[in-house]
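**Q** Sequence:
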Amino acid sequence: MKTTPGAGRPDRQARAVRLGPRSVVALLLVSAIGVAAFGWPLLAGPSSQVSAHAQDAPWLFAGLLVLLVGVVAAAVSEGGVGPKAVAMLGVLAATGAALRPIGAGTAGIEPMFFLMVLSGRVLGPGFGFVLGSVTMFASALLTGGVGPWMPFQMLSMGWFTMGAGLLPGPDRLRGRAEVLMLAAYGFLAAFAYGTVMNLAGWPFLDSLSSSVAFQAGAPLHENLVRFLAYCLATSLGWDLGRAALTVVLTVTVGPALLRALRRATRRAAFEAPVTFEGTEP
24 MKTTPGAGRP DRQARAVRLG PRSVVALLLV SAIGVAAFGW PLLAGPSSQV
74 SAHAQDAPWL FAGLLVLLVG VVAAAVSEGG VGPKAVAMLG VLAATGAALR
124 PIGAGTAGIE PMFFLMVLSG RVLGPGFGFV LGSVTMFASA LLTGGVGPWM
174 PFQMLSMGWF TMGAGLLPGP DRLRGRAEVL MLAAYGFLAA FAYGTVMNLA
224 GWPFLDSLSS SVAFQAGAPL HENLVRFLAY CLATSLGWDL GRAALTVVLT
274 VTVGPALLRA LRRATRRAAF EAPVTFEGTE P
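Oh and the sequence shown: position 217 is 240 in my numbering, straight run, nothing missing.
No lab work stands behind these hints: they were computed from the structure.
Fair warning: this is a prediction, and the values are worked out from it, not measured in the lab.
Keep in mind that a hint or two might mislead.
[Stated by the list, open to error] Ranges of calculated distance between the beta carbons of each label pair, as one might list FRET restraints:
1. ASP194 with ALA59: 33 to 43 Å
2. TRP172 with SER234: 16 to 26 Å
3. VAL271 with ARG197: 15 to 25 Å
4. ALA207 with GLU245: 43 to 53 Å
5. THR218 with ALA117: 43 to 53 Å
6. GLY198 with ALA241: 19 to 29 Å
7. ALA241 with PRO106: 46 to 56 Å
8. GLY192 with ALA283: 17 to 27 Å
9. ALA283 with PRO124: 20 to 30 Å
For every residue, glycine included, the Cβ atom is placed at its ideal position computed from N, Cα and C.
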């Protein structure tokens, strides 16, 4: 048995989960459902029962699991997932889940985010989405953080990690320029993650208790102003801590971890076609 020479060349971006047409459709579907789940209260009329949306989390979670299985199944059917990719997914998800409780989220000290950025960069958007979602699910089980917010966290972390895999220059950009790009992405995406998660809970604040609470039936621009004020008042410091830690770890530990991840994917040869040589009598 042998692999095709050159399939593991260091200048070629390894993809543990190669995105084919069915995988792209599955990712678009789960992302569309996620956008609707996060954003529909903003468009709800004054007579809608927005508070009933708080009871939808178990259904969203069940649907998300089905769609995640669909993403993986589509990748498997297209030859994008093999046992090596599954093993890599398990190792990285377990590592990310173990990193999350280190700071217990105190002041935004969440070191798992930098690992998700680097993993998504090296292994691609398909692997990144599955890794981010699975890691958040595993960490919720590990920390006891299971609740109606968990499916929203899984979606947000999936997007966060997938975005790193969509950054430009995966086959060419290396060295300091790449690290700085990943640090900048991690900084901005850490704020985006916090903002999206705020949107998951903000519509259910009691409008009588705060001037920054969601107002059902109010014009969209008014609710967006309220939401911005809510983010600035409640989560800016937390998001800033998460973003700063992600940048520091990416700049300091990132180069070594990028090399390790790329070395592991080259040795695993995810995309190398395997052929069998017949033995001579």
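**Q** Now, for every hint given, state plainly whether the structure supports it.
**A** For each hint, the structure was consulted:
In this structure, ASP194 and ALA59 meet the distance hint of 33 to 43 Å, their C-beta atoms being roughly 34 Å apart. Take TRP172 and SER234: their Cβ atoms lie about 24 Å apart, and the range 16 to 26 Å holds. Here the CB-CB span from VAL271 to ARG197 is close to 21 Å, well matched to the stated 15 to 25 Å. Range check, ALA207 to GLU245: about 32 Å between beta-carbon atoms, so the 43 to 53 Å window is missed.
Remark: the range hint 43 to 53 Å for THR218 to ALA117 is contradicted by a beta-carbon distance near 28 Å. In this structure the hint that GLY198 and ALA241 lie 19 to 29 Å apart at CB is violated, the actual value being about 49 Å. Under the hint 46 to 56 Å, the C-beta atoms of ALA241 and PRO106, about 52 Å apart, fit the expected range. Checked against the hint of 17 to 27 Å, the C-beta distance between GLY192 and ALA283 comes to roughly 20 Å, which is consistent with it.
For the pair ALA283 and PRO124, the beta carbons lie near 23 Å from each other, so the given range of 20 to 30 Å is met.
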